[in-house]
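S.K.: Sequence:
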Amino acid sequence: MEAAFKEWRVVVDALGRGDQIVIMRKGGIDEGENGFEIKHHQFWLFPTLFHQQKDFVIPIAARHMTLHPDDPIIPIQYHCEVVAHYELTQLDQIKKIRGQHVWKDEVLIQRMSSGDNHQLHALLVRVSKLPHAIEIPSDENYGGCRSWIRLKENLDSSNCTPILDQDHFTKKIQTFKNSIT
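Taking the working numbering, the leading residue of the sequence shown gets 5, the next gets one more, and so forth.
Since the hints were made in silico from the structure, they are not lab data.
Please note: incorrect hints may appear among the correct ones.
Said to hold, decoys possible - Cut-off 30 angstroms, straight-line C-alpha distance, at most; resulting in silico cross-link-like pairs (BS3-like, lysine-lysine): (1) 181 x 43; (2) 100 x 156; (3) 156 x 108; (4) 43 x 176; (5) 10 x 156; (6) 99 x 156; (7) 10 x 133; (8) 100 x 181; (9) 181 x 156.
Unchecked claim - Beta-carbon label-pair distances, calculated as ranges: (10) 185 x 163: 32 to 42 angstroms; (11) 137 x 174: 42 to 52 angstroms; (12) 41 x 156: 36 to 46 angstroms; (13) 22 x 46: 33 to 43 angstroms; (14) 39 x 100: 34 to 44 angstroms; (15) 178 x 21: 32 to 42 angstroms; (16) 185 x 42: 36 to 46 angstroms; (17) 119 x 160: 18 to 28 angstroms; (18) 178 x 110: 32 to 42 angstroms; (19) 67 x 102: 33 to 43 angstroms; (20) 148 x 114: 36 to 46 angstroms; (21) 91 x 157: 30 to 40 angstroms; (22) 46 x 135: 28 to 38 angstroms.
For glycine and all other residues, C-beta sits at the position ideal for the given N, C-alpha and C.
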């Protein structure tokens with residue numbers, strides 16, 4: 005079985021284009037009492053429409069969104085490696101990373117402010133792409149409000165190529181680090 009990370013399809017698309025290298029997470033209601041945890045440092049992106057809304061992302065990302073119901077077939081094409089993890093705890097950090105992701109500021113601020121711990125996890129990921137998406141059937145085990153799932157299929161990431169070249173990726177990492185400090 006393979007580890008996969010559930011993320012809005014619009015965010016998966018932005019990661020797949022190299023428009024962003026950050027995944028932001030508070031944690032779903034099914035994450036457990038500890039909230040979100042990085043359970044895997046390498047994983048597949050599992051695109052979902054669960055909770056995805058045009059009003060939650062910047063206009064350019066909203067134009068790329070598809071709003072049709074989840075298909076019975078899920079395209080898996082992107083593999084990630086977590087290269088850094090930050091806990092954002094200050095609201096001004098959200099404004100400082102504007103333009104480095106597709107979420108609207110108010111969505112991230114609301115997420116950060118909810119619950120007992122006022123923080124957001126920012127995972128900087130190196131995204132690689134398969135030549136063609138592997139289509140897997142949807143399964144009830146993939147449902148729920150949680151970040152991590154286990155795919156039934158064994159997928160091979162050896163044919164993946166990085167979305168961004170090393171120089172461009174390194175610059176994006178440095179830009180993010182400089183923004184939050």
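S.K.: Among the hints numbered above, which are violated by the structure, and what are their numbers in rising order?
M.R.: When the structure is compared with the hints, numbers 2, 3, 6, 9, 11, 12, 13, 14, 15, 16, 17, 18, 19, 20, 22 turn out to be violated.
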